[in-house]
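Student: Sequence:
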Amino acid sequence: MIESLFQYQFLQNAFTSGLIIGIIAPLLGVFIVVRRLSLIADALSHVTLAGIAGSLYLSQSIGALALLNPLYLGIVASVTGSLFIERLRRLYKHYEELAIPIIMSAGLGFSAIFISLAEGFSSDLFSYLFGSVSAVSSQDLYIVISIAIVVIVFLTLFYKELFVLSFDEEYAKASGLPAKWIHVLFMIVTALVIAGSMRIVGILLVSSLMTLPVAAAMRIAKGFKQAIILSVLFGELAVIVGLVSAFYLNIAPGGTIVVTSIFILLLTITLKKISTKGVISQ
1 MIESLFQYQF
11 LQNAFTSGLI
21 IGIIAPLLGV
31 FIVVRRLSLI
41 ADALSHVTLA
51 GIAGSLYLSQ
61 SIGALALLNP
71 LYLGIVASVT
81 GSLFIERLRR
91 LYKHYEELAI
101 PIIMSAGLGF
111 SAIFISLAEG
121 FSSDLFSYLF
131 GSVSAVSSQD
141 LYIVISIAIV
151 VIVFLTLFYK
161 ELFVLSFDEE
171 YAKASGLPAK
181 WIHVLFMIVT
191 ALVIAGSMRI
201 VGILLVSSLM
211 TLPVAAAMRI
221 AKGFKQAIIL
231 SVLFGELAVI
241 VGLVSAFYLN
251 IAPGGTIVVT
261 SIFILLLTIT
271 LKKISTKGVI
281 SQ
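With my numbering, the residue at position 249 of the sequence shown is 249, and numbering never jumps.
Among the clues, some could well be false.
As a list, the in silico DSSO-like pairs of lysine-lysine whose alpha-carbon atoms are at most 30 Å apart [claimed, not checked]:
| id | residue 1 | residue 2 |
| --- | --- | --- |
| 1 | K225 | K160 |
| 2 | K93 | K222 |
| 3 | K222 | K160 |
| 4 | K272 | K222 |
| 5 | K225 | K277 |
| 6 | K173 | K160 |
| 7 | K180 | K160 |
To be clear, the hints were calculated from the coordinates, so they are not data collected in a lab.
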């Protein structure tokens, strides 16, 4: 495995992208879970699928677009979907959760149309759905690096504001924080991470990498910052084990990454129960 990693460019691209995604996905995922927005990641992933399927269809129909990276239209669709979710949440003030199934349904609907027009599933589309070790190009890697820089800059600039918004949105608004615009920016950054992660984890599984490591971390963390650190560690562990397993078993890495995340979650739940019983018995 180590020899192949140094020998093949596509493996270097896949592992570098995976390590970066293993950091930024759980990093944002902590704020998503705390703010009870976990299902938004699912909605945006389905919208991203519509963008990818649409791009693949256009590349078949228009020769000039044959070399266009589908990731670009996927990013546009994901960001657009995040803005529509915010708009619908404000439109249905007392039923904000309606925004998620509306956008998810739209994403699935457009995906079905474009996949049908493109005459069904192709191997390329399958790699976007469930991830692929061999499909990550240098261009994909550069996009992931760019998205990671945006995420780090955003969290560095707005960490305190996001922390307050996550735990007490009413206080944040009362204290004069531009809650509306910070939330919009947060949604856009989340959309970028989802779109950038799909080559490794897959569109249908990317939300799992944003939530499962966080769920595991929250079982044993003793504070918010510790939850962030543990989420990133669990995310990295899941990506590394998942990619290595996918390489040797010749299967989609998205599935192995998610299954590894589930094992980590079950392990933390078990450890928490053991430690709780130990305290009670004493």
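Student: Each hint needs a verdict: does it hold in this structure or not?
Tutor: A quick look at each hint next to the structure:
no.	hint	in the structure
1	K225 / K160	holds, 12 Å
2	K93 / K222	violated, 34 Å
3	K222 / K160	holds, 19 Å
4	K272 / K222	holds, 12 Å
5	K225 / K277	holds, 26 Å
6	K173 / K160	holds, 14 Å
7	K180 / K160	holds, 15 Å
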